[in-house]
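Engineer: Chains as they are written, first to last, in the UniProt record's numbering: chain A, 1 to 484; chain B, 1 to 484.
Note that these hints are calculated values from the structure, not bench results.
Even for Gly, the Cβ is constructed at its ideal location relative to N, Cα and C.
Each hint can be trusted.
Cβ-Cβ distance ranges computed for the label pairs, FRET-style:
| # | chain 1 | residue 1 | chain 2 | residue 2 | range |
| --- | --- | --- | --- | --- | --- |
| 1 | B | ARG37 | A | PRO150 | 54 to 62 Å |
| 2 | B | SER63 | A | PRO150 | 51 to 59 Å |
| 3 | A | GLU17 | B | ARG214 | 51 to 59 Å |
| 4 | A | GLN386 | B | ALA162 | 54 to 62 Å |
| 5 | B | ASP137 | A | GLN292 | 28 to 36 Å |
| 6 | A | GLY304 | B | VAL261 | 51 to 59 Å |
| 7 | B | ALA88 | A | ALA468 | 58 to 66 Å |
| 8 | B | ARG191 | A | ARG423 | 39 to 47 Å |
| 9 | A | GLY304 | B | ARG135 | 40 to 48 Å |
| 10 | B | SER139 | A | SER29 | 42 to 50 Å |
| 11 | A | ARG214 | B | THR83 | 27 to 35 Å |
| 12 | B | ARG329 | A | ARG214 | 21 to 29 Å |
Computed list of chain B residues with no C-beta within reach of chain A, every gap over 12 Å:
| # | residue |
| --- | --- |
| 13 | ALA59 |
| 14 | ARG302 |
| 15 | HIS418 |
2 protein chains.
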Amino acid sequence: MATKYETLAQSFAALIEQGTLRAGDRLPSVRDVVATRGLSPSTVFEAYYLLEARGLVSARPRSGYFVNARPERREEPQAMHPTAGQQAVAINDVVMAVLGTVRDRRVVPLGSAFPDPALFPLERLARGMGTAMRRLDPSQLLENLAPGNPDLRHQIALRGLAQGVPSSVDEIVITSGAMEALSLSLQAVTRPGDVVAIESPAFYGCLQVLERLRLRAVEVATHPRLGVQLDSLEQVLQHHPVKACWFMPTFQNPLGALMPVDKKQALVALLARHRVPLIEDDVYAELYFGAQRPPPAKAFDREGWVMHCGSFSKSLAPGYRVGWVSAGRFAREVERLKLMGTLAVAVPSQLAVLHFLKHGAYDRHLRRLRDALAARQERALRAIAQHLPAGTRVTRPEGGYFVWVELPEGVDAMALHHAALARHISLAPGHLFSADRRFTRHIRLNVGHPRPEQSDAAIKALGRLVSALPGQHIPFTAAKGART
Amino acid sequence: MATKYETLAQSFAALIEQGTLRAGDRLPSVRDVVATRGLSPSTVFEAYYLLEARGLVSARPRSGYFVNARPERREEPQAMHPTAGQQAVAINDVVMAVLGTVRDRRVVPLGSAFPDPALFPLERLARGMGTAMRRLDPSQLLENLAPGNPDLRHQIALRGLAQGVPSSVDEIVITSGAMEALSLSLQAVTRPGDVVAIESPAFYGCLQVLERLRLRAVEVATHPRLGVQLDSLEQVLQHHPVKACWFMPTFQNPLGALMPVDKKQALVALLARHRVPLIEDDVYAELYFGAQRPPPAKAFDREGWVMHCGSFSKSLAPGYRVGWVSAGRFAREVERLKLMGTLAVAVPSQLAVLHFLKHGAYDRHLRRLRDALAARQERALRAIAQHLPAGTRVTRPEGGYFVWVELPEGVDAMALHHAALARHISLAPGHLFSADRRFTRHIRLNVGHPRPEQSDAAIKALGRLVSALPGQHIPFTAAKGART
Chain A
1 MATKYETLAQ
11 SFAALIEQGT
21 LRAGDRLPSV
31 RDVVATRGLS
41 PSTVFEAYYL
51 LEARGLVSAR
61 PRSGYFVNAR
71 PERREEPQAM
81 HPTAGQQAVA
91 INDVVMAVLG
101 TVRDRRVVPL
111 GSAFPDPALF
121 PLERLARGMG
131 TAMRRLDPSQ
141 LLENLAPGNP
151 DLRHQIALRG
161 LAQGVPSSVD
171 EIVITSGAME
181 ALSLSLQAVT
191 RPGDVVAIES
201 PAFYGCLQVL
211 ERLRLRAVEV
221 ATHPRLGVQL
231 DSLEQVLQHH
241 PVKACWFMPT
251 FQNPLGALMP
261 VDKKQALVAL
271 LARHRVPLIE
281 DDVYAELYFG
291 AQRPPPAKAF
301 DREGWVMHCG
311 SFSKSLAPGY
321 RVGWVSAGRF
331 AREVERLKLM
341 GTLAVAVPSQ
351 LAVLHFLKHG
361 AYDRHLRRLR
371 DALAARQERA
381 LRAIAQHLPA
391 GTRVTRPEGG
401 YFVWVELPEG
411 VDAMALHHAA
421 LARHISLAPG
431 HLFSADRRFT
441 RHIRLNVGHP
451 RPEQSDAAIK
461 ALGRLVSALP
471 GQHIPFTAAK
481 GART
Chain B
1 MATKYETLAQ
11 SFAALIEQGT
21 LRAGDRLPSV
31 RDVVATRGLS
41 PSTVFEAYYL
51 LEARGLVSAR
61 PRSGYFVNAR
71 PERREEPQAM
81 HPTAGQQAVA
91 INDVVMAVLG
101 TVRDRRVVPL
111 GSAFPDPALF
121 PLERLARGMG
131 TAMRRLDPSQ
141 LLENLAPGNP
151 DLRHQIALRG
161 LAQGVPSSVD
171 EIVITSGAME
181 ALSLSLQAVT
191 RPGDVVAIES
201 PAFYGCLQVL
211 ERLRLRAVEV
221 ATHPRLGVQL
231 DSLEQVLQHH
241 PVKACWFMPT
251 FQNPLGALMP
261 VDKKQALVAL
271 LARHRVPLIE
281 DDVYAELYFG
291 AQRPPPAKAF
301 DREGWVMHCG
311 SFSKSLAPGY
321 RVGWVSAGRF
331 AREVERLKLM
341 GTLAVAVPSQ
351 LAVLHFLKHG
361 AYDRHLRRLR
371 DALAARQERA
381 LRAIAQHLPA
391 GTRVTRPEGG
401 YFVWVELPEG
411 VDAMALHHAA
421 LARHISLAPG
431 HLFSADRRFT
441 RHIRLNVGHP
451 RPEQSDAAIK
461 ALGRLVSALP
471 GQHIPFTAAK
481 GART
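Next up, chain A with everything else stripped away, as it sits in the complex (with noise of 0.2 Å):
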């Protein structure tokens, strides 16, 4: 449930969103707002604390709050419409040399798939975890066993209902990390060589998962903002034996794409039509800008057809490995493919999570969260505005901590990649994000690391790059158009 306070913030980015007001326009005084709104002079307040946070407005001294000058902007991406067949994936030999570069602490992690560790109270969570394993009754140890912690299980289902999911305790398994969630939902409803239907560009997790697997993947067209396209989905679904579908419906990675609810809603119904499970993985959604947290698409599955997976990894305890699936009606499979696996998720990490929710002011950790990465999001888009050469395009999502830029025609993702890479800054090429490498020209940027005067210059870096590498002659010129 959003507050008062995000409510009324939000009513007001939306108006900056629009054009209404523009920059340098003063904001209405907190007392006029107290006056026309029937709010309190509190709720107002913080209400401009977070516009400010999320670099929207900003407070002159003794004047209030005017609206900062929008970030130049690009366009968006163009939509992704794949090639329609089947194909087996290998793709993880491209993926493990990329990624191998994030963990060297000198290299800018543009292209770091995990947020920054430093926004999580990890201080708070070891002190709790502590407590809890001091106080564990050794017998109980048996009762974190697969399906997982009952009161964990418990909490989750609680979140998950006050966000319009409609998930039972029973269905809950507590996995290791969401990326197991995802893998054993998919290992319980698929066999080697079965067809899994996946967005273009996919997630390169889902990829790895699907070449482990020896599953064969099919593409389906996406909108760069929302997402998934039904039509595309259908045609597929028609001419090809999908045994399941593993969508982000959320915060796609890597597009930030969110689908709109009654997309969602009518995604959920097209494949309870088809009897297809929907391998909903949901790992961004807690870290929305807006006021409201967008629902899953689990929250309209009426069947048992979607398998929700979620985690605490990005939203609370990088590093702890807590993640859940909430099965429907392939819950039980889930929990005997988890004991025949890896029989148990860590008690520490379930029990430090569990004394988290119950006690940790959870909420307010993420609000606090998604202030900061709205705010980095923001900035990283105005430095690639004003850095990446005209003809370049990018995602601006409406939460999570990535952004997808389409480069100017010509330009070779990895050949920057590898240019970029002997600069001590990694990135993420498209080549990563699809089973045939068809995101030539694409990269994902993680802009949610901790330094924005380190992220800038990166970037900035970039720009001569592109510009730079062989065979490429772009001028540099500041994107057109850009709203100032």
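Put chain B on the given structure of chain A with help from the hints.
Structural biologist: Chain B only, in chain A's frame:
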């Protein structure tokens, strides 16, 4: 390395085992031993305390130490000769049904696979983990991704070296317990449909993983005390396209068999000759009752064919889910699979174990643990000899916490399981331990559980149930030929 007092204790234990020292005999006085062996009095006292802790001798005030009456003995079970065929594995439903019962706290857990958690330093582990996690620089989180925390891998390599295992740090991958280590090892060297050689009887977890990965099993004959029979293995290698062996050369589950050192060496040589990887499940080795840790087969691996899988779950940290594999020539493939599967082991768990290895007197903890388990086994064997009917045979493992019981002809272990469960006693019927459910009159008992009176009573109850089973009219008689 065995200490002086352990070596001394072992020499007396051997004399008792041979019958040179008999029930009621007095051990030489401390003064005499000091004089004849050139040891310090405290060394001799430590040795005598150890023998006492293991139930072999008792102190009588102002008289010295006297050899205890040996428990009544049962013969060891017969050797196991499997049928020769390959077979698909479908064991999982049986295992789930039986093992679901061990979570019920009202049940006496003779069927449990887990060690008694009360024997572990859970509070110290939790404190050390809290310290390590609070001190963690968040940017270090990435260092704990697969292959795992570098310091922890270093500690594991050092312990290995001290035990004659030539693992390099680079070869070690940290896993979510040994189950993941074993499963990843198997995935690294097989494809669905391949044939894997396993022991007969085999650990049901192994059968479950084979089933999950759609592998075929061929079973190798074992001796209940000496483990895998190499002539049987040689036959199997000649007649089947074996892609891997999954064996437990040290304290095999369920038998408790310990392959002698020269047989381990011959096993490694045989498999290297056939270029067949050995997946060595070595999770019980630290629980030896003798003076020295039996070396794993990996100690004799010169060509990298042995994938040595270990865990801290049985020896230090149940529920933390920290295991490892030292995978020889397959190490990089295992690391890739780990990254694709669950990405990393929970950081708190890795750091907890690391902290204990560096600051926690692990070896002292292990000595106490081994003494406790040895004494419990001794007591349970006594109860078995006393209460189970004539014709019962039982193993007497030199480590771990399982014994394998062969019941008299005609007894059905599954019927016994159901009857026992109705009386709140669990056991693991032999049906779980082979692909064709061949061990129908065998049971595995966990003799490491905490309340010995309760265990004794449960074993007594089992004795009554065996005699009372439908179709059973076995008169109760104490074992013949028991040494007293």
